[in-house]
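Q: From first to last, the protein sequence lines stand for chains F and X.
Numbering that gives the first Met the number 0 applies: residue 0 is where the first sequence begins, and numbers increase by one.
Numbering that gives the first Met the number 0 applies: residue 0 is where the second sequence begins, and numbers increase by one.
Any given hint could be a false lead.
[To be verified] Restricting the straight-line Cα-Cα distance to at most 20 Å, the calculated cross-link-like pairs of lysine to aspartate or glutamate (EDC-like) are:
1) X:K306 to F:E338
2) X:K359 to X:D147
3) X:K82 to F:D177
4) F:K82 to X:D394
5) X:K405 to F:D207
6) X:K236 to F:D394
7) X:K236 to F:D53
8) F:K405 to X:D53
9) F:K306 to X:D394
10) X:K306 to F:D404
11) F:K360 to F:D142
12) F:K405 to X:E38
13) F:K306 to X:D53
14) F:K236 to X:D207
15) X:K405 to F:D394
16) F:K236 to X:D394
[Unchecked claim] Covered stretches of chain F, going by a simulated chain X footprint (3 or more residues, C-beta under 8 Å):
17) 69-75
18) 88-94
19) 131-144
20) 159-169
21) 192-206
22) 290-302
Don't read these hints as lab results, they were simulated from the structure.
All residues carry an ideal CB built from backbone N, CA and C; glycine is no exception.
Now for the letters of each chain:
There are 2 protein chains.
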Amino acid sequence: MAELVGNVLVGQSGGPTSVINASVAGIISEALNHECIEEIYGALNGVLGILQEDLIDLAAESQQQIRALKHTPGAALGTCRYKLKKQSDYERVLEVFKAHNIRYFFYIGGNDSQDTADKISKLAQQQGYELRVIGVAKTIDNDLAVTDHCPGYGSVIKYLATTVREIACDNEAMGQGDLVSIVEAMGRSAGWIAAGASLAKRRDHPHDPPHIILLPEVPFNQEKVLDDVRRVLKREKYCLIVVAEGLVDADGNYLAADAATDAFGHARLGGAGDALAEIIEHAIPSAKVRVAKPGLMQRSAAHCASKTDVDEAFLAGQAAVQAAVNGETDKMVTLVRGEADHYTCETGLAPLSEIANGVKKLPREWINEDGVSMNFQFLRYAQPLIQGEVVLPHDTGVPLFARLDKVRVDKSLSPFET
Amino acid sequence: MAELVGNVLVGQSGGPTSVINASVAGIISEALNHECIEEIYGALNGVLGILQEDLIDLAAESQQQIRALKHTPGAALGTCRYKLKKQSDYERVLEVFKAHNIRYFFYIGGNDSQDTADKISKLAQQQGYELRVIGVAKTIDNDLAVTDHCPGYGSVIKYLATTVREIACDNEAMGQGDLVSIVEAMGRSAGWIAAGASLAKRRDHPHDPPHIILLPEVPFNQEKVLDDVRRVLKREKYCLIVVAEGLVDADGNYLAADAATDAFGHARLGGAGDALAEIIEHAIPSAKVRVAKPGLMQRSAAHCASKTDVDEAFLAGQAAVQAAVNGETDKMVTLVRGEADHYTCETGLAPLSEIANGVKKLPREWINEDGVSMNFQFLRYAQPLIQGEVVLPHDTGVPLFARLDKVRVDKSLSPFET
Numbered sequence: 000m001a002e003l004v005g006n007v008l009v010g011q012s013g014g015p016t017s018v019i020n021a022s023v024a025g026i027i028s029e030a031l032n033h034e035c036i037e038e039i040y041g042a043l044n045g046v047l048g049i050l051q052e053d054l055i056d057l058a059a060e061s062q063q064q065i066r067a068l069k070h071t072p073g074a075a076l077g078t079c080r081y082k083l084k085k086q087s088d089y090e091r092v093l094e095v096f097k098a099h100n101i102r103y104f105f106y107i108g109g110n111d112s113q114d115t116a117d118k119i120s121k122l123a124q125q126q127g128y129e130l131r132v133i134g135v136a137k138t139i140d141n142d143l144a145v146t147d148h149c150p151g152y153g154s155v156i157k158y159l160a161t162t163v164r165e166i167a168c169d170n171e172a173m174g175q176g177d178l179v180s181i182v183e184a185m186g187r188s189a190g191w192i193a194a195g196a197s198l199a200k201r202r203d204h205p206h207d208p209p210h211i212i213l214l215p216e217v218p219f220n221q222e223k224v225l226d227d228v229r230r231v232l233k234r235e236k237y238c239l240i241v242v243a244e245g246l247v248d249a250d251g252n253y254l255a256a257d258a259a260t261d262a263f264g265h266a267r268l269g270g271a272g273d274a275l276a277e278i279i280e281h282a283i284p285s286a287k288v289r290v291a292k293p294g295l296m297q298r299s300a301a302h303c304a305s306k307t308d309v310d311e312a313f314l315a316g317q318a319a320v321q322a323a324v325n326g327e328t329d330k331m332v333t334l335v336r337g338e339a340d341h342y343t344c345e346t347g348l349a350p351l352s353e354i355a356n357g358v359k360k361l362p363r364e365w366i367n368e369d370g371v372s373m374n375f376q377f378l379r380y381a382q383p384l385i386q387g388e389v390v391l392p393h394d395t396g397v398p399l400f401a402r403l404d405k406v407r408v409d410k411s412l413s414p415f416e417t
Numbered sequence: 000m001a002e003l004v005g006n007v008l009v010g011q012s013g014g015p016t017s018v019i020n021a022s023v024a025g026i027i028s029e030a031l032n033h034e035c036i037e038e039i040y041g042a043l044n045g046v047l048g049i050l051q052e053d054l055i056d057l058a059a060e061s062q063q064q065i066r067a068l069k070h071t072p073g074a075a076l077g078t079c080r081y082k083l084k085k086q087s088d089y090e091r092v093l094e095v096f097k098a099h100n101i102r103y104f105f106y107i108g109g110n111d112s113q114d115t116a117d118k119i120s121k122l123a124q125q126q127g128y129e130l131r132v133i134g135v136a137k138t139i140d141n142d143l144a145v146t147d148h149c150p151g152y153g154s155v156i157k158y159l160a161t162t163v164r165e166i167a168c169d170n171e172a173m174g175q176g177d178l179v180s181i182v183e184a185m186g187r188s189a190g191w192i193a194a195g196a197s198l199a200k201r202r203d204h205p206h207d208p209p210h211i212i213l214l215p216e217v218p219f220n221q222e223k224v225l226d227d228v229r230r231v232l233k234r235e236k237y238c239l240i241v242v243a244e245g246l247v248d249a250d251g252n253y254l255a256a257d258a259a260t261d262a263f264g265h266a267r268l269g270g271a272g273d274a275l276a277e278i279i280e281h282a283i284p285s286a287k288v289r290v291a292k293p294g295l296m297q298r299s300a301a302h303c304a305s306k307t308d309v310d311e312a313f314l315a316g317q318a319a320v321q322a323a324v325n326g327e328t329d330k331m332v333t334l335v336r337g338e339a340d341h342y343t344c345e346t347g348l349a350p351l352s353e354i355a356n357g358v359k360k361l362p363r364e365w366i367n368e369d370g371v372s373m374n375f376q377f378l379r380y381a382q383p384l385i386q387g388e389v390v391l392p393h394d395t396g397v398p399l400f401a402r403l404d405k406v407r408v409d410k411s412l413s414p415f416e417t
C-alpha cells in the first residue's frame, strides 16, 4: 500500500449528540500521529460547508479546545440535514476536495450521511482521484446496521434512566393513587431510546419505575394501556410511563395525530406525551397527569454522559484515521462487542453501502410479553453502554464547553451556486 | 431555659426538591447530638401522616441511608398538599403529639406549610403543651419572605442553566436562521427560576443564550416578543427562549389559556411553552420551533444539584434542631447572606407568621430594560447559589438514592376520621 500524502477533512451531519464531538477529537488527535497527513480541516455544517468551500483549520485550534471537544455536546463544526441530490453537487464536492488536496474524508453521521459518503467515494474512484473515505457512526437512535451500537446512544439512555429514577423519587413522595407521570423519549420510529429507560429499574425489581414503556414496536392499544395504568396506580400509588415519540396504533398512525383527529378534534398536539396525557385524563378523571418532554435536552445532556460512550466515540474517531492511513476506504467504523462475559468493545469496519441501506431494529424477543417492559437480553445489551460518569470542568457553576476559533481556510474556487 | 426532654417529629410538605431530604438528614444528624432528644420520628406524607398517626422511626434507619438522603431527590418521608382546615384537625395533631411525647416538631416546606406549623405551635401554647416548632424553608420557587434564598432554588437554576448551555450547543450546530428553541421553566407566578437560566451566559457576553427570558413579572407582549425573536434569528441563526410557566399578558391572563381561547380556538394546551411555540410558528412560518418541557425533571435533578444548595439545606436542618434545643419556637430557619464581597451564608430565624403571610418577589430593578434578560444585580445574587457539584454514588450506571426502611411507630390512638 503506497502512502497517500494529503489533507484530512472531517464533517458532522444530522442531529447532534452528546458525543459526536468526541469523535472529532479522536480524529484530530490520531491524525496528528501520521506524517502522511498534512493539514486537518473541518467542514462547517457538513456537506453544505463542503459545497460552499467553508472549511476551517482544525490544527490551528488550541489543544485545550480539542481536549474540551471530548465532553462538549452539539456539533462543534456545525451540522446539516442537507441531502446531496444532483450529480453536479457531487462533482462540486470533488472539486473542493481537489482544490484543497483532501485525501482523507471522515464523515460522522447516521445512515443518510454514510450514504452521502459512499457516493462521494464512488465518484472519486470513477474520476481516478485517490481519496479515502471512512464514516464514523453517530446517532442517539441506535438504528445503524452492522455496528453493535452507535456512539450517542449510551449517553441518551443514561440520561433518560437517571431522569426516570429521579422523577420516580418525586412521584413516590407525591402519589396518592392518582399521579401519572409521562416522560416522552426521542427515537423516531424505533424504541431503542424508550427501552433504555428500563435501566432505571433495580435488578430483580420488575415493579420499579418506569412501570410502563410504550414502544413504537408494540402497537398502541388504548384499553390495554388504561388497564395497565389503573393497575399500577393501585399497586404503587403513582404510575410512571415512558412513551416513545414515534408511538403508533395498529394501523400505523402516530398517537398524537390519532388523538388530534379522532378522539378530541384538536388540530395540533405537542406530541405523544401530551396525546397520551389527554387520553388518560379523559378515561381516568381522578388522575393528575404530568408530562415531561426533555426534547433536545436528552441528546445534548453532556453533564450526564456515559463515559463508556464518550470513550467509544473518541476511539471510533481514532480508528477511522488508522483505517484510512492503512489504505481502507468506503467503510464505516463499527463497534464490535467482545464475546467475553464482561463487556469489551473494539472497532471494526463495514462497507458504507451496507450501513446506508440497512437499519437495526429493536429485537421483538427483547420485549417482555406484557409489551411494556424489557427483558434480561435487553438489559445485558444496554447496561454496559451507560457505565461511568464524565467529570466536566465548570465555569461559575455551569459546565464549560469547547468553543472553536474556526480559522477559515482560504477559498480558491468560485462560489457555489445551487 | 429549662431542658425540654422528649421526641422529635419531622415532616415534609409541598412539592419535592432536589435537596429537601438533605434538610431531613441535617435534622437527624444534629438530633443525635442532643441528649434531651429521645426518639426521632418522621411523619409520612406531612400533616396527613400526623393526623393518621403514620409515624416512622428514623433512628432505626441505617447510617448509610441517612447519609444517602443528603443527595436523594423527592421527599423521602412522603409529602402532601393537604391543608389543615378544621379546629378538630389541629386538635388531632396535638393529640398525636401528646401520645408520642413529641416536643420538637420540624416542618420542611413553603409558606403554606409554615402557616400550618405556626397554627400548631399556637394551639400548643394555648393548651399549655410545651412544644418547640421550627420550620425549615423549602421551595424551588424561591418566593419565601425574609430568607435571602430558599433551599432547592440553587439546584433548580443550576440544572436549568446547564440545560440551556447544552441545548445551545445543539441549536448552534443546527441553526440556519430558522431554529427557535423554547424551554419551559417552573416557578408558578414568579420568575425566579426562569431568571436563573441567565446564569448560562458567560460573563460579558450578553448575546449568549438564553436570548430571551419571558418572566411573569413582565406582561407578555406578542409583537415585541416576535420582533425580538426575528432579530435574534438574524443575529445568531437560532433563538433560545426560556419561558416561565406562569407567563401572563397585560390583563393577567395566562399565555396558554389566552392562546387557547382567543388566538387558535384550542380547548387545551400543554403549557406556556407550547402556546408560545404556536404563536411563533403562526407568525414566522419559516421557523422550526422545538419545545423542551422539563417539568418535574427540574425539581428532582439531583444529578445536577448545586453543592452549595445541598450543604445549605443540610445546614438549615441542623440549625433547626440547635434553635429548638436552645429554646426557640414558632420560627423558621432562614438563610442569611454575609456582607463580604465573597459569598458566605449563615442561618437565622424569623417568626413563622412572617413567613406564612409574606412573599418575596423578583425585584423589578434586577430585570434589564429589554424585559427579557437579567442584570448584574441578579447575577450577583444568584451565581453563588449554584456553585459546586455533587458526586453521586452510582449503581450500574444510574444514581443510587436512599430508600428508607420506614419502620412504623406503634399507633396508640383511635383511627383518624376526616
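Q: Hint by hint, note whether the structure agrees.
A: Now for the hints, and whether the structure bears them out:
A threshold of 20 Å between alpha carbons decides the hint, and for K306 of chain X with E338 of chain F the separation of about 41 Å lies outside it, so the pair is violated. As the CA atoms of K359 of chain X and D147 of chain X are separated by approximately 9 Å, the hinted pair is consistent with the 20 Å bound. Pair hint K82 of chain X plus D177 of chain F holds up; C-alpha atoms about 18 Å apart against a cutoff of 20 Å. Between K82 of chain F and D394 of chain X, the direct Cα distance comes to roughly 42 Å. Violation of the 20 Å bound is thereby established for this hinted pair.
Between the alpha carbons of K405 of chain X and D207 of chain F the distance comes to roughly 18 Å, so the proposed pair stays at or under 20 Å and holds. With a C-alpha separation of about 25 Å, the suggested pair K236 of chain X and D394 of chain F falls outside the 20 Å cut-off, and the hint is violated. Taking the CA atoms of K236 of chain X and D53 of chain F, the gap is about 17 Å. The hint holds against a cut of 20 Å. Pair hint K405 of chain F plus D53 of chain X does not hold up; C-alpha atoms about 63 Å apart against a cutoff of 20 Å.
A C-alpha spacing of about 14 Å is found between K306 of chain F and D394 of chain X, which places the hinted pair at or below 20 Å, so the restraint holds. Taking the CA atoms of K306 of chain X and D404 of chain F, the gap is near 33 Å; set against the 20 Å cutoff, the hint is violated. About 6 Å separates the Cα atoms of K360 of chain F and D142 of chain F, which keeps this hinted pair within 20 Å; it holds. With a C-alpha separation of about 64 Å, the suggested pair K405 of chain F and E38 of chain X falls outside the 20 Å cut-off, and the hint is violated.
At roughly 43 Å between alpha-carbon atoms, K306 of chain F and D53 of chain X are farther apart than 20 Å, so this suggested pair is violated. Distance restraint check for K236 of chain F and D207 of chain X: the Cα-Cα separation of roughly 43 Å exceeds the 20 Å cut-off, and the hinted pair is therefore not satisfied. Proposed proximity of K405 of chain X and D394 of chain F is contradicted: the alpha carbons are some 40 Å apart, above 20 Å. Annotation: proposed proximity of K236 of chain F to D394 of chain X is violated, straight-line Cα distance about 25 Å (limit 20 Å).
Proximity of the region 69-75 of chain F to chain X, defined as three or more residues with a beta carbon under 8 Å from a beta carbon of that chain, is established by the 5 residues found. Here's how the region 88-94 of chain F fares: 0 of its residues keep a CB closer than 8 Å to some CB of chain X, so the rule of at least three is not met and the hint is violated. Under a criterion of three residues with beta carbons nearer than 8 Å to beta carbons of chain X, the stated coverage of the region 131-144 of chain F fails, only 0 such residues being counted. Under a criterion of three residues with beta carbons nearer than 8 Å to beta carbons of chain X, the stated coverage of the region 159-169 of chain F is upheld, 9 such residues being counted.
Note: the region 192-206 of chain F has 4 residues with beta-carbon separation from chain X under 8 Å; the three-residue rule is met and the coverage holds. For the region 290-302 of chain F, the stated coverage by chain X holds: 12 residues have a C-beta nearer than 8 Å to a C-beta of that chain, and at least 3 were required.
Hint compliance for this structure: hints 1, 4, 6, 8, 10, 12, 13, 14, 15, 16, 18, 19 are not met, and every other hint is.
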